[in-house]
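> Residue-level listing of the chains:
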Amino acid sequence: MYKGYLCLVLHGHLPFVRHPECDYFLEENWLYEAITETYIPLILMMERLINDKIDFKLTMSLTPSLIYMLKDSLLQERYLRHINKLIELCHKEIERTRWQPPFQKLALMYLDRFSLAYQTFERYKRDLVSAFKSLQEKGVLEIIASCATHGYLPLMELTPPSARAQIKVGVMVYEQIFARKPKGFWLPECGYLPGHDYILKDCGIKYFFTEIHGILHGVPRPKYGVYAPVYCKSGVACFGRDWESAKQVWSSIEGYPGDYWYREFYRDIGYDLDFDYIKPYIHPDGIRINTGIKYYRITGSEDKQPYEPEKAAEKASEHAGNFMFNRERQIEYLYGFLNKKPIVVAPYDAELFGHWWFEGIMWLDYLIRKIKFDQNIFTLVTASDYLLENPRNQVITPSLSSWGWKGYNEMWLQGVNDWIYRHLHKASERMTELVKLYPNENDGLLKRALDQALRELLLAQSSDWAFIMGTGTHTSYAVRRIKEHILRFTTLYEQIKFHSIDPVWLSEIEERDNIFPQIDYRVHQ
Amino acid sequence: MKIRKMFSKVKEKLKLVKKKRISPKKTKRFKKLENEFTDKFFSTETKVEESKYYTPLIPKRYPTVEDLPRGYGEDKLVLQTRDPWWIHAYWEISIHTYERVKSELREFFHSAKKTLRVYDVTNIIFDGTNAHRYFDIEINDYANNWYIDVGGPGRSWCVDLGLKLPDNRFITLVRSNVVRTPLDGPSWITDEEWMVPEEVFARLYGLSAGLGLSSPVGKGWQEEIKKRLWQPFASGAFASMVSPVKKEIKVGRKFWLVVNTELIVYGATEPDATVYVQGRPIPLRADGTFSLRFALPDGKQVIPVKGVSADKVDEITITPIVTKETK
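Chains A and B, in that order, give the protein sequences. The opening position of the first sequence corresponds to residue 1 in the working numbering, with each subsequent residue numbered one higher. The opening position of the second sequence corresponds to residue 1 in the working numbering, with each subsequent residue numbered one higher.
Think of the hints as simulated: they come from the structure by calculation, not from any bench. As the structure is a computational prediction, the values presented were derived from the model and not from experiment. Beta carbons: idealized from backbone N, C-alpha and C, even for Gly. One or more of the hints may lead you astray.
[As the list claims (entries may be wrong)] Taking lysine to any residue and the SDA-like style, the derived pairs with C-alpha atoms no more than 20 Å apart in a straight line are:
no., chain 1, residue 1, chain 2, residue 2
1, A, K315, A, K233
2, B, K113, B, H132
3, A, K340, B, P197
4, B, K113, B, L173
5, A, K247, B, L165
6, A, K105, B, Q278
7, A, K92, B, G288
8, A, K92, B, L284
9, B, K300, A, K315
10, B, K114, B, F135
11, A, K497, B, E74
12, A, K3, A, K315
13, B, K254, A, G300
14, A, K340, A, K370
15, A, K105, B, E104
16, A, K483, B, R180
17, B, K312, B, Q278
18, A, K233, B, R70
19, A, K340, B, V196
20, B, K300, A, K3
21, B, K114, B, V196
22, A, K304, A, E328
23, B, K324, A, Q100
24, A, K340, B, L284
25, A, K279, A, E88
26, A, K92, B, K114
[To be verified] Across the chosen pairs, the derived CB separations fall in these ranges:
no., chain 1, residue 1, chain 2, residue 2, range
27, B, L165, A, D520, 50 to 60 Å
28, B, R100, A, D202, 36 to 46 Å
29, A, V395, B, V178, 32 to 42 Å
[As the list claims (entries may be wrong)] Not everything, but these chain B residues come out facing chain A in the computed CB check (under 8 Å):
no., residue
30, L165
31, V217
32, G218
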């Protein structure tokens with residue numbers, strides 16, 4: 001008899017970055033790295049668990065922008081080029097490190113990993129979305145929907161049609177890709193504005209997640225804090241994140257990823273090795289970049305020591321045990337205190353695992369196995385299964401909140417990025433105007449122009465651009481993207497209004513920004 | 001077939017490998033912190049999330065994109081909520097409106113001060129006169145946006161951009177939308193069916209906020225919790241994240257030097273021969289040349305290079321010996 005539940009949620013997202021106009025484009029590496037380091041290892045982990053007959057429940061969101069990149073044939077081609085280059089580099093590294101066994105061992109490890117990534121990629125016919133889909137069909141993974149381009153909803157208060165378009169397009173993409181209706185929804189950045197749950201309700205969504213104070217500062221007071229979901233007035237359930245389990249992983253000091261035995265993210269042979277040698281594997285202009293081959297462990301001092309995979313695996317196992325132990329104590333206590341089986345919700349950025357925290361997926365693997373075999377206090381659950389078992393919950397209105405810096409809107413609304421809203425809001429108003437002006441276009445050039453206008457608007461709305469500007473480093477790409485999409489939108493708007501659509505240019509941007517092939521502009525109302 | 005020539009050269013390359021030191025990017029975490037409990041670990045999350053978009057710093061990589069317009073030629077004032085205490089306003093006033101007001105006010109126009117009038121419109125339908133209270137912020141002529149410290153969580157706000165005349169008259173140029181700031185603590189409203197005793201809720205709140213069983217539950221627990229969360233934890237675990245001062249500790253001078261040594265072994269033989277280096281076969285280029293590159297640790301390396309003809313009849317071995325020491 002379990003005393004409570006743990007709901008693990010991984011949020012998978014990358015902004016839509018695809019540049020057919022360039023043979024090599026640096027920011028596309030975000031996707032390639034995440035494929036090698038996060039998505040494929042996650043798929044392989046779930047396959048291993050299934051093979052070992054371990055039943056488990058994971059929840060994962062895949063945003064439409066990520067889905068369309070994973071399904072795009074150009075990016076798939078380029079990923080193969082990328083991974084083959086890495087494999088070639090590994091072979092060279094194995095030779096180069098012949099007299100340094102601790103490093104040669106690591107070069108071999110990377111060769112294994114990259115080769116496996118290559119094989120897995122080919123095994124799924126280059127379509128990793130189909131891998132996640134089949135895991136969902138096997139009942140171990142619940143994939144939830146998310147906004148079209150990860151638009152940050154609380155800052156669309158002024159333009160409700162855009163909030164609706166972000167959510168509705170997200171749900172439509174989900175239905176097309178996964179051939180079922182989504183039960184849950186990931187609000188980008190956990191950004192919740194009271195009232196947006198009604199849009200979710202319209203789309204048939206049963207639940208979403210918020211940050212801790214979304215629930216704790218809700219009205220009226222939540223009787224069970226974040227340890228039971230609440231219903232919004234719309235009837236959609238809202239699950240609050242647990243602070244303790246978040247802190248154990250995130251905290252820069254107490255957090256597991258900072259362990260000295262874990263791999264150091266910031267030491268990469270792309271920066272460390274001789275220029276002439278590494279040149280074919282970095283940016284074609286000779287700019288050093290991360291290759292993904294990293295030989296050092298965090299160490300705890302500047303004198304970094306070689307990474308030792310066995311030691312790191314021991315640590316991952318130990319940390320999984322520690323995480324489980326803490327959840328057992330927490331859930332036991334809450335069970336006694338609340339007279340109710342608590343649910344502990346632990347959502348993480350999926351790209352944290354494998355990419356930033358190299359051992360993260362191993363940790364997750366250990367954790368799932370330990371939960372199955374080493375304890376009987378709690379069980380893994382999805383939010384939808386929890387609701388089936390526990391349908392009666394308190395009704396409250398959660399508070400405006402996000403999981404971003406300081407917990408509200410400031411990450412996306414501060415001195416360096418507040419200028420974008422003037423343009424985003426205007427473009428959104430103009431889109432609404434176009435929809436009113438042309439409510440019945442079903443085919444032809446005008447319809448294509450209207451659809452493309454909506455694509456450009458949605459792409460401009462990605463929270464990623466404001467986020468990158470907010471971090472204050474290498475912001476030029478983000479600024480460029482916002483400007484480009486707004487300018488393309490504005491040009492389309494003017495061409496539509498003045499009946500002067502340029503079909504050649506339209507085809508060109510349709511090919512560039514080819515996300516959402518089946519979109520209908522009327523969703524923006 | 002006879003092996004006509006075979007040579008091997010050993011060349012040691014000492015390289016100063018410039019190591020780029022990348023410290024975890026400073027997020028905006030050192031900006032003024034507000035006493036809000038979630039602050040403590042968000043900055044780490046931000047850093048982690050930032051690693052998703054990790055690219056090297058490259059100046060001017062992109063062709064400049066045309067600038068967006070400064071405005072759209074309309075009268076508009078937009079409010080957005082930043083957090084429980086702050087709202088943001090951006091605006092534009094069309095030249096047309098300016099000219100109209102200028103001609104109406106005539107000589108008063110130049111002494112008028114551009115002002116934001118911030119109304120507390122909580123739970124009312126605002127008609128311009130019935131606000132609970134208002135306050136004015138004088139702004140400069142060039143500003144087109146402003147962060148407003150309303151200091152009032154859980155309330156609704158509306159703003160007029162206008163001109164304040166010396167006789168205290170206020171001429172509204174444009175009125176904003178209404179926004180609501182969220183609460184900065186738990187609600188005082190409870191519901192009967194889901195009643196929760198104050199003590200129990202206080203404990204639950206402290207647990208949820210990560211204070212564990214030591215969180216205060218007695219009178220004034222909310223204030224206590226805010227204070228506790230504001231202070232670094234007893235363990236000091238969060239000290240460096242909470243206190244910007246700690247990060248400024250001088251760590252000494254930043255000069256550094258890294259030297260690595262690599263060895264290149266290269267040579268050539270018949271294209272169809274087989275070459276072994278330290279007993280392991282190596283790939284030859286189509287023209288029979290080869291080159292190998294090794295990270296060279298301290299110590300002595302004996303590197304027998306053996307060439308064997310395609311018919312396995314001829315065999316030549318050349319053995320460079322390299323000793324490296326670092327002083």
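> Does each hint fit the structure? Answer for all of them.
Verification of the hints:
1. K315(A) to K233(A): violated (45 Å)
2. K113(B) to H132(B): The given pair, whose Cα atoms are some 24 Å apart, is violated under the 20 Å limit.
3. K340(A) to P197(B): OK: K340(A) and P197(B) at ~16 Å, within 20 Å.
4. K113(B) to L173(B): holds (12 Å)
5. K247(A) to L165(B): violated (54 Å)
6. K105(A) to Q278(B): Holds - the C-alpha atoms of Q278(B) and K105(A) are around 18 Å apart, at most 20 Å.
7. K92(A) to G288(B): Measuring from Cα to Cα gives roughly 18 Å; hence the hint holds.
8. K92(A) to L284(B): holds (13 Å)
9. K300(B) to K315(A): Roughly 36 Å separates the two Cα atoms, so the pair is violated.
10. K114(B) to F135(B): Distance ~14 Å between K114(B) and F135(B) Cα, so the pair holds.
11. K497(A) to E74(B): Given pair K497(A), E74(B) holds - Cα atoms ~18 Å apart, limit 20 Å.
12. K3(A) to K315(A): Roughly 28 Å separates the two Cα atoms, so the pair is violated.
13. K254(B) to G300(A): Between K254(B) and G300(A) the Cα gap is close to 18 Å, so the pair holds against 20 Å.
14. K340(A) to K370(A): Violated, at about 24 Å.
15. K105(A) to E104(B): violated (82 Å)
16. K483(A) to R180(B): violated (30 Å)
17. K312(B) to Q278(B): Answer holds: K312(B) to Q278(B) is near 18 Å, not above 20 Å.
18. K233(A) to R70(B): Distance of about 41 Å is beyond 20 Å: violated.
19. K340(A) to V196(B): holds (14 Å)
20. K300(B) to K3(A): Roughly 63 Å between the alpha carbons, so the hint for K300(B) and K3(A) is violated.
21. K114(B) to V196(B): Violated - the C-alpha atoms of V196(B) and K114(B) are around 50 Å apart, more than 20 Å.
22. K304(A) to E328(A): Distance of about 36 Å is beyond 20 Å: violated.
23. K324(B) to Q100(A): With a Cα-Cα distance of about 14 Å, the restraint between K324(B) and Q100(A) holds, given a limit of 20 Å.
24. K340(A) to L284(B): violated (70 Å)
25. K279(A) to E88(A): holds (13 Å)
26. K92(A) to K114(B): This hinted pair is violated, its Cα atoms lying about 67 Å apart.
27. L165(B) to D520(A): 50 to 60 Å: For D520(A) against L165(B), whose Cβ atoms are near 52 Å apart, the range 50 to 60 Å holds.
28. R100(B) to D202(A): 36 to 46 Å: Given range 36 to 46 Å: holds, Cβ gap about 43 Å.
29. V395(A) to V178(B): 32 to 42 Å: violated (25 Å)
30. L165: violated (28 Å)
31. V217: Hint on V217(B): violated, closest Cβ of chain A at ~12 Å, above 8 Å.
32. G218: violated (17 Å)
The earlier numbered hints that this structure contradicts are 1, 2, 5, 9, 12, 14, 15, 16, 18, 20, 21, 22, 24, 26, 29, 30, 31 and 32.
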